[in-house]
Each structure stands twice: as C-alpha cells, then as structure tokens.
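We have chain F already, so just place chain U on it with the hints.
So the sequence lines, in the order shown, correspond to chains F and U.
Everything in the first sequence is counted per my numbering, starting at 3 for the first residue and increasing by one.
Everything in the second sequence is counted per my numbering, starting at 3 for the first residue and increasing by one.
Each hint can be trusted.
You can't tell identical chains apart in this list, so a pair holds if it fits in one copy or across any two.
Below, computed lysine to aspartate or glutamate pairings styled on DMTMM-like, alpha-carbon distance capped at 20 Å:
1. 197 with 218
2. 158 with 64
3. 224 with 351
These are calculated hints, taken from the structure and not from any lab test.
Every value quoted in this text rests on a predicted model; they were computed, and no experiment measured them.
There are 2 protein chains.
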Amino acid sequence: MHQDHTVQQIDELLTQSQAAFYQYKNLSLKQRAHFLRTIAQEIEALGDELIQTAAEETHLSEQRLIAERRRTIFQLTSYADAAERGNWLEARIDTGNQLSSPPKPDLRKLLVPLGPVVVFGASNFPFAYSTAGGDTACAFAAGCPVIVKAHPAHVKTSTLVADAIYAAVKKCEMPTGIFAHIYGKEFAVGEYLVKHDVVKAVGFTGSYSGGRALFDLAAQRKNPIPVFAEMGSVNPVFLLPDKVAAEKQWIAEQLTKSITQDMGQFCTNPGLLVGINNDDLEGCLQELVAGVAKIDAHQMLHEGIAKNFKENRLKALGADDVKLLYESKSGADGAKITIASVPARSFLENQQLHEEVFGPFTLAIICDNEEQLHQVAHALEGQLTTTLMASDNDLTKLVALLNILREKCGRLILNGVPTGVEVALAMQHGGPFPSCTDSRFTAVGADGIKRFARPVSFQNWNNQYLPDELKDENPLNIWRTVNNELTKEKINNPNNGK
Amino acid sequence: MHQDHTVQQIDELLTQSQAAFYQYKNLSLKQRAHFLRTIAQEIEALGDELIQTAAEETHLSEQRLIAERRRTIFQLTSYADAAERGNWLEARIDTGNQLSSPPKPDLRKLLVPLGPVVVFGASNFPFAYSTAGGDTACAFAAGCPVIVKAHPAHVKTSTLVADAIYAAVKKCEMPTGIFAHIYGKEFAVGEYLVKHDVVKAVGFTGSYSGGRALFDLAAQRKNPIPVFAEMGSVNPVFLLPDKVAAEKQWIAEQLTKSITQDMGQFCTNPGLLVGINNDDLEGCLQELVAGVAKIDAHQMLHEGIAKNFKENRLKALGADDVKLLYESKSGADGAKITIASVPARSFLENQQLHEEVFGPFTLAIICDNEEQLHQVAHALEGQLTTTLMASDNDLTKLVALLNILREKCGRLILNGVPTGVEVALAMQHGGPFPSCTDSRFTAVGADGIKRFARPVSFQNWNNQYLPDELKDENPLNIWRTVNNELTKEKINNPNNGK
Chain F
3 MHQDHTVQQI DELLTQSQAA FYQYKNLSLK QRAHFLRTIA QEIEALGDEL IQTAAEETHL
63 SEQRLIAERR RTIFQLTSYA DAAERGNWLE ARIDTGNQLS SPPKPDLRKL LVPLGPVVVF
123 GASNFPFAYS TAGGDTACAF AAGCPVIVKA HPAHVKTSTL VADAIYAAVK KCEMPTGIFA
183 HIYGKEFAVG EYLVKHDVVK AVGFTGSYSG GRALFDLAAQ RKNPIPVFAE MGSVNPVFLL
243 PDKVAAEKQW IAEQLTKSIT QDMGQFCTNP GLLVGINNDD LEGCLQELVA GVAKIDAHQM
303 LHEGIAKNFK ENRLKALGAD DVKLLYESKS GADGAKITIA SVPARSFLEN QQLHEEVFGP
363 FTLAIICDNE EQLHQVAHAL EGQLTTTLMA SDNDLTKLVA LLNILREKCG RLILNGVPTG
423 VEVALAMQHG GPFPSCTDSR FTAVGADGIK RFARPVSFQN WNNQYLPDEL KDENPLNIWR
483 TVNNELTKEK INNPNNGK
Chain U
3 MHQDHTVQQI DELLTQSQAA FYQYKNLSLK QRAHFLRTIA QEIEALGDEL IQTAAEETHL
63 SEQRLIAERR RTIFQLTSYA DAAERGNWLE ARIDTGNQLS SPPKPDLRKL LVPLGPVVVF
123 GASNFPFAYS TAGGDTACAF AAGCPVIVKA HPAHVKTSTL VADAIYAAVK KCEMPTGIFA
183 HIYGKEFAVG EYLVKHDVVK AVGFTGSYSG GRALFDLAAQ RKNPIPVFAE MGSVNPVFLL
243 PDKVAAEKQW IAEQLTKSIT QDMGQFCTNP GLLVGINNDD LEGCLQELVA GVAKIDAHQM
303 LHEGIAKNFK ENRLKALGAD DVKLLYESKS GADGAKITIA SVPARSFLEN QQLHEEVFGP
363 FTLAIICDNE EQLHQVAHAL EGQLTTTLMA SDNDLTKLVA LLNILREKCG RLILNGVPTG
423 VEVALAMQHG GPFPSCTDSR FTAVGADGIK RFARPVSFQN WNNQYLPDEL KDENPLNIWR
483 TVNNELTKEK INNPNNGK
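With the rest of the complex left out, here is chain F (with noise of 0.2 Å):
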C-alpha cells in the first residue's frame, strides 16, 4: 500500500525535523502539553476504525486494543502532567557570590532536549508502544521532533494514527516538521535514519537482533548517539517452597493468566519457572498444566512472529533433558501454547535456554536444592523484570537470593506476575542488557521524558535571559533545588550577572 520513502524523501523530512527543533524546544511547558492531550484527543477521535483497522492487522481482540488505546492515551496525558510539573527537568539552582575569592559564579542547570527522535514502534502494542506510544509520548514532552518508522505488520493503524498526530499539529499550530511518519519495509531505511546527523536518539521496542543492531549502528556514528532499545527478556518466576506449599493453586492460576495472555506476546511475559524439585511443586505444575489446557491457542500477530516462535519452541524442546508438559492444539497459524521443564543442571550447561521464545512458551527449571537456585539466578542474563513467589519464611530463609536477583533485573516483584506493566512514576521498564540498552532509563513512566533531554547549565546570566524555569521568581512554580535543598521558593539574593 505504501512504498518505502526515499532517501531524498527522507532528507528532505530530517531537515524539517531540524527546523522545527530550533522552534519547538522554545515552547512553554504548558504548550508542549497541550499538544500531547490534543494528540490524545485526536486518537480517542479515531473511534472504531481505529480499533477494527488494529485488529485485522494485529489478530488482537478488540477488548485488549479498547484496553491498549486507553493506555496509550493515559500515557499521553500523564505524561502532558508530568511535563507540565516540570520535576524531570532536574532544575537545580546554586546562587553565586561575589565577594568570595575566587568569586562563586552563579550557576543553573536544567534539562533541555537532545534534538529530532527517531521511533521504532513494537508489533505487539500497535498503540502503546508504537505511533504515537510511549517514546514518541516522552520525546515530544522533552521537546524532541519525532521521527517515526511505521511498523511494518501495522502500517494502515500506525498511519491512522500519524494522521491524528498530524490533525494535532495543525489544530495546536506546531511547526510543521515536529513529527514525520516514514514507510520501510526495508531494515535500510531504518539504518539510514539512525546513522543520519540531523538524529540526535533512538528509541525502539522489539527483538534483541533489532535492538542491537540499531545500537551498534549508532555507537559506530562519528557522533554517537543513544539508543533506547527495550529488547525484551525471560522474566524468571522463582516459585520459592514455602509459598508453593502453601498457595500452589493460587500461584498456578496467576501464571496461567499471565503465559496465555494475548498469546504469550509481551516482552513481560514469564518464560521461565524456577523451583526446587518436591512434590509441592510438581503439583504447581500439574495445576498450570491444567489451567492452560482450558485456555485456546490463538493467531499471533504476524506470520513472521509465528514462523520464529515455531522455530525457537522446536529449538528449545529438543534440547538435552527438556521435557515437553503440555502443548495446546495449533492456532490458525500452527503456534502451540507450551510448558516444559529442565534440570537446572542442563539449563546451566545450554545458554540457548536462556533465550526468549517469544510467545506461550514457558520452561520449568527444577533444581535439586537451594544451591542451585542461587546458581541459576547468578547465570541469568540481564531481566526487565524478575519475581518471586515467596512467604515471610523464604524471604528470611533466602536473603541472599535477593541480593543476587536485585542485579538481574530492572523490576522485582513480590507475590505477583511480571505482565500488566503500570503507567506511573515509580515503574522501571528496562534492565539489565540484553534485556534493554542502558538500564539507567525507563521506557514506561514519566521518567522515560529523561531518555531524550541532557542537561545544560547557565552561568552569570541576567535574570531576564534566563529560561522561566531558572528565573529568580520561579514563575512556573515547579520544585527546584536551590543552594541543595529542594524548594519552591523564589530565589531572593541571586548575586548572578555582572
């Protein structure tokens, strides 16, 4: 339906970009704002087109994408709220004086943005973590054009939606180039936006081979750039043996919900299951069995998807000492819903098995004793998330297993499930490498705004120059950090200028 851009195209669309940085970065808090809500609106405005388009293109029910555009919705004006707040911008004052030898200058810092976004949607959240999702959300708020690459298995949903991004543009009167909507089906379309000079960070949802090889490419650019690539993990559930002997019903009914879910295609998704080998817990086990096996397998989101789950399930349940539990009957596309199980002594010894299969393919680690345990959670490679099925007697009893677990992840859980992932301030979606490329930001939460935006500091400047977020009478009433103690007061004794 749509042919790739051109380079041409391309450059002519980036240099649009540029322009419009040089105007949007100077727009108030408020204006940034209220442009992100009118995109909300403009959304909401799509009505079932939206809906229906999204679920012909991604075999999603339409209750999970009515549930998926109200998320990506509350993202889009939460984090107009946040932007609004002014928290994130880290606006720290540190008042100068000039009778001290040498004389003190007057210094104030805040975050401004990194310049034009290029965002790589996911195939498996068409809104939230796509178009007009929560990348594209945090690099508008900071004040960051967007440049979006319109996921391939999505292009009518991502293009009706860029056309409620552009409907926005319009009604709030932004500069023209702040968003640009790019067709590749080719990966060198996405290569050329993210070596191209005018994109100053990358954002992106996805496999690990995509994610690394935008990483790379742009580490290897005479000036690198930051790729934000939330590549996905295993996310292990350590079922610890008092709570499994305790609650294995309720443990096996929470993991049910949580594999099957929309087919197993969530980048939270549990793909592990660690335990120490014992009745109790092989009766957990024969209860999730039991509990999938009520539960259909469905189409995934795209053959692609399908091919690889098949082909990385086959992988996995051929490897040594792997010991298939259930598998459904195929969906329409052959992909069977799977549980299955390895001695932990042959998880340690195959690293495939460490491996995501992306989809309803969940394996059982059972371990011959806590030593094991703690060995399996040192092998673990980089989490978003990590949780523990756990009472007050193995919190105590394995304290260490904690301390080893805290490394591994970006996200604990206690007593709960990895899936359903909060849209708050206190979220941390991203970890550890491979599951993300820095784990110093987040993907999911205000503080994802921080990903494209560095800090800047003014020195000796005149009160009237300064930006009204560092100006003495802090005019937006945000929180500062003045002198080191956070406050909204006015700064009364400034000494800055000459």
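Leaving out everything else, chain U in the frame of chain F:
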C-alpha cells in the same frame, strides 16, 4: 618502578571487586558517606609529600596543586553530603489500590549501583580527576567498587593516593575488594579492564582518541556497558560587538588568565575566539596579545603532551590563511604560548581547525558579519562550554545565536571564562559528542553519581523487605515523590503487599 599488572592479577582483583560489590551495595548511605569522608582525611594526612610528589611528576606549581587537593577533598566531602541527603536516589512511590480494577500495584523505585566501575584518571588533574577524583567519589557514593588504572604520567602520586584509599578501607572496615589500583603502561591493560565481564561502567577523563577507543570497546562487548568519557573541547568564546566596544580591556584580561593558566592544560581552555571584524575586535586582540606576552611558558605535564602540542600547533599554524598573532619564547620542553587568527571562511572550510590543540593555543576566528558568526556557531562540534562576551544590546540583537549555541554545549557562560569548573549541583561538565560520550550526564557535581546507578522498582513488597529509603515510615527522612508529589511525609495508607 611498578610493573604492569598481569591478566591473572587483574582477574583476581576483579573477582574481589565483584564480591565486595555484593556487600558494599547494601551498606547504608551514612556508611558510604563516612567512607568518602575518611578518604578525604587520609589524603589530607599525606601532607607535603603528596604535593611534592605531584609537582615533580606533573610540573604543576605547588600553589596550584594545593588548590587542587582542596578541590579533591571538597568533592569527596560534598558528594558524601549529597549521597546522604539522598535526593540523587530519585525515590518514587506510587501506592497501590487492591480495590481498583485491575488492581493497582504498589510500586517503589530508587537508584541502585551498577556494579564495579573502572576509572581512568586525567594527566592534567593528578588529584581532582584521578585516583580519588570525581569519578571515584561518584562511584563510591553510588555504591560501586572502584578499579583505578594508575595514570602512567603520575604513577607515584597515584600510588600515594591509592594508599590513602586503602587506609580508609581498613579504618571503615569496608570489604577489601571495594578498591583496586592497577598499573599498566600498555593500552592492553585498559582494554582488558573495559572488556572484563565484572566491570559494569567506565569513567574516563582525557583525550578524544583515548575516550573514543574505550567507548568503542565497551559498545562492542557482548553486554555493552556505559562509558562516561569527558574528552575536552575547544570552548569557543563569542566576542560580541557592543561588549567588545565597551570593555575590550576587561575581556582581554579575563582571557589572558584563562588561556595561559597552567599552560592552558584544561579541558575548558578557551581554544577559539569568535568575533566580527572591526577596530574594536582588533584592539581587543592586541590587548590580549599584550597581556599574554607578560606570561612565561612553563614545562607542560609530560613529554607526550608537549610533543602533541608542538605538532598540533604547527599543523594549525600551517593551515591556509592562519596568521600568527603572537608566540612566546619556548618553555623547557619547547612549547610556546600561541595566539593566531583565521578568517571565518577559511575556518569553515577546514575541519582540522575545529579540533582541540591541547595546551596554550588560541585561535581567533574573524567573521565578516553576523551571518558568518551564525555559520561558525552552526559549524561547531559539541563542546563542554560556550562563552558569550555580550552586552544587553548584543543579547537582544542575537537571540538566534543563543538558540544555536545552546545546542552545542553543556555549559553556557555569560561574561566570564570557561576555566574554573565550580563543584556544585548546578554544574554541567559534559556536553554533546565529541566533548563527551554521553551528554546526559555530568562529570562534576553530585549529579555525577547518577552515571553509576540505575533504577530498580519493587512491586508489591511488604514494608519490612523494602530498602530503608522506600519504607512507609521514611526512616532516613529523604525527599521522595509519592503519588507524583515531592514530600518527606511517611506513607499512611500503603495498601502494599498481599
């Protein structure tokens, strides 16, 4: 004097770093702060020996070294204060609600240390950006063990300071592996450290070629790690017409000091002046030459730096249309303080002239008009600092120039000089590439701690198992963002846990 560490020795030390990390990360902010303050005391206790050793190794004056020691101690103690104050932890709490549908989890987030950090010190700051310098202080404050590679140009100084750190480790009963001091003249030693699996981040201060090499190694790892490399810049100073007309004498005095101090061996040394051709600018440059002519050339830090300076100076002077305005008599190593000028057109055509000549070399770019001034601003690479010598009239007239320059640097100075980097929270020392490998962080000021930390969220944890920083009762009395509001209040209605 010291042999390079062998691979076996390094492996052993890093195994100890890793073990120490699992203990140190759990110590309280108070204990970390006490450790930093004890290091400061131990450095103080080294007395004259430290100053004399450094003076011999670096040819810097005792007066300068005494001031630098004071700065180093202030860094250690002020980062200790900041660590304890806890604002840098970015503690966030979003209280849950089990009654909402779906239930809203309790989420609590704070920054945790990345793991063992390798620090490469700077030759031009044997104390403040070396063994116990800013990077080391930030990493310890964050909760990370530190591995310092001794700078080959001041090994004895580095060893003395390392001994002070070892003494503090002992006094504070810290885990032994928390600090390691590694000798290595060969680049391979640094390479081995940066590629080592135990190492989780790198701090570097030095040349572009060194920083870029380490950045590339770290990015090419199986698990890439962040490298914060501060690589210097040319720190352009824009001399705007109205200001020059009114205060050429004052400007010349300021620049004379800034350009010649310690033989210009600062990453913030003003290497470029940019002005519009007229009699006032010419007069200002004449005053500058007259001022600089009163300063004698001194011996540079070490032979390698002197050799590079002499070569790069000659290369710049040999470029088309570059005109020598002044050169001093040779110092002991043959280095000459140098002022030159070049027409803007020739500067714009010759990328070589945009590169730093580390040492006392300053190039004045002479523009025909305002348009050329803008062209030069646009053509600048990323800088640590940019300075404007400007009156109110200039600023009103040149708003567009300011809009460009803000994109080019980490710190914007009005009517001052870039040298003299205040240690303060509102300082930004870092900037767009190539001045730095990640413009989102600072090397100076307590915000530098965040280079070595990442957020972790705790979902649905019982209060008793949470870190003190996140407990309901806020026992450390730190600032936290609770349900989007900054507060020191305790949590009354947690609804957390099962």
